[in-house]
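*Asks:* Protein chains in written order, with the working numbering: chain W, 1 to 343; chain Y, 1 to 343; chain V, 1 to 343.
Since the hints were made in silico from the structure, they are not lab data.
Bear in mind the structure is a predicted one, so any value in this text is a computation, not a measurement.
For chains that are exact copies, the list does not tell them apart, and a pair is met inside one copy or across any two.
Straight line, CA to CA, 20 Å or less: simulated SDA-like cross-link-like pairs of lysine to any residue:
#1 Lys213 x Arg45
#2 Lys222 x Thr156
#3 Lys299 x Gly109
#4 Lys299 x Leu107
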Amino acid sequence: MKKSLIALATLAAFAGAASAQSSVTLFGVVDLSAAHVSNGGGTQRVMNSNSYNSNRLGFRGVEDLGGGMTAQFWLEAGMGNDVGTVGGGSLTTASSQMFNRRSTLGLTGGFGEIRLGRDYTPQFWNTTVFDAFGTNGPGSSLNLSTGASGLGSGATTFVRANNSIGYFLPGGLGGLYGQVQVSAGENAIGNKHTSFRLGYAAGPLNVSVATSKTETGVNDFKMSNIGASYDFGAAKVMGYINNSKFGAVKERLTHLGLTAPFGATTLRAGYTQNNTSGGGFDARDAKQFAIGLVYDLSKRTALYTDFSRISNSAGANYSVGSGAANTLGHSARGFDVGVRHAF
Amino acid sequence: MKKSLIALATLAAFAGAASAQSSVTLFGVVDLSAAHVSNGGGTQRVMNSNSYNSNRLGFRGVEDLGGGMTAQFWLEAGMGNDVGTVGGGSLTTASSQMFNRRSTLGLTGGFGEIRLGRDYTPQFWNTTVFDAFGTNGPGSSLNLSTGASGLGSGATTFVRANNSIGYFLPGGLGGLYGQVQVSAGENAIGNKHTSFRLGYAAGPLNVSVATSKTETGVNDFKMSNIGASYDFGAAKVMGYINNSKFGAVKERLTHLGLTAPFGATTLRAGYTQNNTSGGGFDARDAKQFAIGLVYDLSKRTALYTDFSRISNSAGANYSVGSGAANTLGHSARGFDVGVRHAF
Amino acid sequence: MKKSLIALATLAAFAGAASAQSSVTLFGVVDLSAAHVSNGGGTQRVMNSNSYNSNRLGFRGVEDLGGGMTAQFWLEAGMGNDVGTVGGGSLTTASSQMFNRRSTLGLTGGFGEIRLGRDYTPQFWNTTVFDAFGTNGPGSSLNLSTGASGLGSGATTFVRANNSIGYFLPGGLGGLYGQVQVSAGENAIGNKHTSFRLGYAAGPLNVSVATSKTETGVNDFKMSNIGASYDFGAAKVMGYINNSKFGAVKERLTHLGLTAPFGATTLRAGYTQNNTSGGGFDARDAKQFAIGLVYDLSKRTALYTDFSRISNSAGANYSVGSGAANTLGHSARGFDVGVRHAF
Chain W
1 MKKSLIALAT LAAFAGAASA QSSVTLFGVV DLSAAHVSNG GGTQRVMNSN SYNSNRLGFR
61 GVEDLGGGMT AQFWLEAGMG NDVGTVGGGS LTTASSQMFN RRSTLGLTGG FGEIRLGRDY
121 TPQFWNTTVF DAFGTNGPGS SLNLSTGASG LGSGATTFVR ANNSIGYFLP GGLGGLYGQV
181 QVSAGENAIG NKHTSFRLGY AAGPLNVSVA TSKTETGVND FKMSNIGASY DFGAAKVMGY
241 INNSKFGAVK ERLTHLGLTA PFGATTLRAG YTQNNTSGGG FDARDAKQFA IGLVYDLSKR
301 TALYTDFSRI SNSAGANYSV GSGAANTLGH SARGFDVGVR HAF
Chain Y
1 MKKSLIALAT LAAFAGAASA QSSVTLFGVV DLSAAHVSNG GGTQRVMNSN SYNSNRLGFR
61 GVEDLGGGMT AQFWLEAGMG NDVGTVGGGS LTTASSQMFN RRSTLGLTGG FGEIRLGRDY
121 TPQFWNTTVF DAFGTNGPGS SLNLSTGASG LGSGATTFVR ANNSIGYFLP GGLGGLYGQV
181 QVSAGENAIG NKHTSFRLGY AAGPLNVSVA TSKTETGVND FKMSNIGASY DFGAAKVMGY
241 INNSKFGAVK ERLTHLGLTA PFGATTLRAG YTQNNTSGGG FDARDAKQFA IGLVYDLSKR
301 TALYTDFSRI SNSAGANYSV GSGAANTLGH SARGFDVGVR HAF
Chain V
1 MKKSLIALAT LAAFAGAASA QSSVTLFGVV DLSAAHVSNG GGTQRVMNSN SYNSNRLGFR
61 GVEDLGGGMT AQFWLEAGMG NDVGTVGGGS LTTASSQMFN RRSTLGLTGG FGEIRLGRDY
121 TPQFWNTTVF DAFGTNGPGS SLNLSTGASG LGSGATTFVR ANNSIGYFLP GGLGGLYGQV
181 QVSAGENAIG NKHTSFRLGY AAGPLNVSVA TSKTETGVND FKMSNIGASY DFGAAKVMGY
241 INNSKFGAVK ERLTHLGLTA PFGATTLRAG YTQNNTSGGG FDARDAKQFA IGLVYDLSKR
301 TALYTDFSRI SNSAGANYSV GSGAANTLGH SARGFDVGVR HAF
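Chain W with its partners taken away, still in its complex shape (with noise of 0.2 Å):
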């Protein structure tokens, strides 16, 4: 996606108090597509947002310093383009927090990137990266995860973190890649968080670490996973294991994925499962599995399909993304047709 920005603004030549080669790009996803949803008893005709990539609207840019050091900064807000909204909030609760995907300055050197601002988390890129469905639409891994959203301990850093100081290894450590951060709590509970990401990709391996701590009074929420894809050229192969921790409360999400390209047309499947054990959770498991096909228009414009089906056990009620909640160990099944446009 970032490879087929436009870019708006390019040369300093435009900029009269500008030394160094300076741009700036703005860029987006359109993503809207129609979806039938069945959350237990109650079905759902809805349309969606987000089911095959993130929405967004951003601003970014980037300027040459010399000497092998660059700024850059980053802006992005989400989109839910079925309604208008942009940013944190949504139809129905108001949020100022506009660039809630990121906003980020950094300095990048041979020393690697320090980065600041509101950011994604390390922790969040294996369970990404490592999805056949990108953690989008019905057949997103993290429909199974209470996890991800901190499994009652206030956590608020799965995905980004608020006041984040990141540090990104440098490029040409031979595949060797890594990342560490660091967020101010500022007295809100859930805030401050550590984390840490080390990973090697060459050739058609990739594979992928993280832990992370989050305090949240108390106790720590505590979250780890192992990802790693191998691209065999008719198919990739993908899968992570993510475990969270909270008190007595612990959560295993497994994903197994495959991504498999013919012509224009991309097939995606999955497979996903949740083992939660502990704090009276022991019978929260769910299964999920996802299929769907993605044809591209052309590299900016793509129509998909997908369908996702939810076994839950009893104490579960996971559900495919939006419609009504799902009820306690029913099932859920998501189909949707959709068109992606990036810009």
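Got chain W sorted already, so can you dock chains Y and V onto it with the hints?
*Replies:* Chains Y and V only, in chain W's frame:
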């Protein structure tokens, strides 16, 4: 207005991953006016947005998919530039609905256009296109409409609909044009909506009919209208009749308008009449006469002034846009002087 | 800063309907810093926006109307990039006021400029222009001001005013400059406002006076100030005196500042003093000393550090910007290290 947009980035040459030509456009309108409004006993001096054209900030783009097909997105936010607000909220009521005016993704080809998202409804077009004041400012015909806000039914679908799927007839049908729109209710009262529009425009003539239905619980809210305009060259005459119905209440809104250019100046005049019956609202009739001048400093920038007067029946308190609420049976007057800049 | 903006789209050739030259500019500042703040007994580590320059994202444009006239719009949103917020709200308080910093439309000619919308007030300029820290960060002179928030009067017009009409003197008056601003109250307490500024800038000297009045119900809130700077080359000295008055309460804020460039590094130092009397607030005096360094990596990107210390009288609890509230009579200290990027 749409023709004066600035193309910010136009060539696929800037976008490494795109194979077809693509463009993104930033556009907008800032319209501010000083107004003197007398509603019943009280009078007030205010600064207004939206009095000649609706204030907006938008991003839109078109991608050529080849084979006569295009994909296009349109993100358009309203603005209250007198106080700096953007989107669906106000200074006192926050909203995350930034792209409240339009938030759509469409695919266009020889078959016409399929468009998804938050969009204008078919029935709204016939009121705004055939209103001498474009349903903006002191002269807007909608100053007299309770049907525009659903006659108390809870329908929120007069101007725009969330979660909509629309189909538009292609061009090249000898002047025939048309639109069908359905929108999902998603458990919100007054959102589930079906609408239809069919028109004919050729030479100086434009005529169009539309009909719509919104589910609101027990009864449906229904609106149907017909509008037409004829351009004699020296002047363009126009008008519409709009019927709203909810339960026993019926509102008929009749508008007659005229626009006449004199060099850089355009005279605008309009007469609007509300006839309401049933449900105990037989005394909610009202009449409005409005006149205004627009002076174009350029294609983008114009100065304007408007005067409007409303006569209310005993059970009506329609008022001239902004300012304090009117009292039953009292007349209202509005006067403004403003400037509109489009970019 | 304004000189380093990137022109995104500059030629009318891109805009079919425009006859005159026109431009739209996207601009902004991302400024993030790590701070250690000690207010009274408590200390806190936080990430801040706005500490060297105010974070912002804006769109502005100018159209040449011919005959020496131009039309220009300016839409500028504040940002809290540590958490991704935009506009007038915060992470915990939502707001639709996106363009909270400025939202204006102006017409400029030989007569000067007429400007409508939400704009900076004349009296604010004299505090920020003649403050060594530009009223940002731990060294801001406004850390010591209760007058900035209206001395409890409800006036909301210190920095900016909604619904304003402003007139600016044209250039070419031999160094004389000036601004008059009136703003409509629109039934909101503390909004109706009149202000005036007159200054003289020539060679190394800049001096300016301003006076303002805001209606708040029974009493008016009044603010008057005088500021001046003189650039000796090796260093620039500056200062201002700002008098706020509401009922029996009078606050005098006095600032003395210095900026001195050493190659790419600039030293900044400031002393600020609050003298309050009347209304039982005679013990609300306070003093602040601040010092800082800015190191320019380029014209757009700078590293900076600041240290500030406040001494509070028994009835004062002024604090160094962010962090927990201070307690009466306790001193406060702040230290930050940050990076600012302008685009």
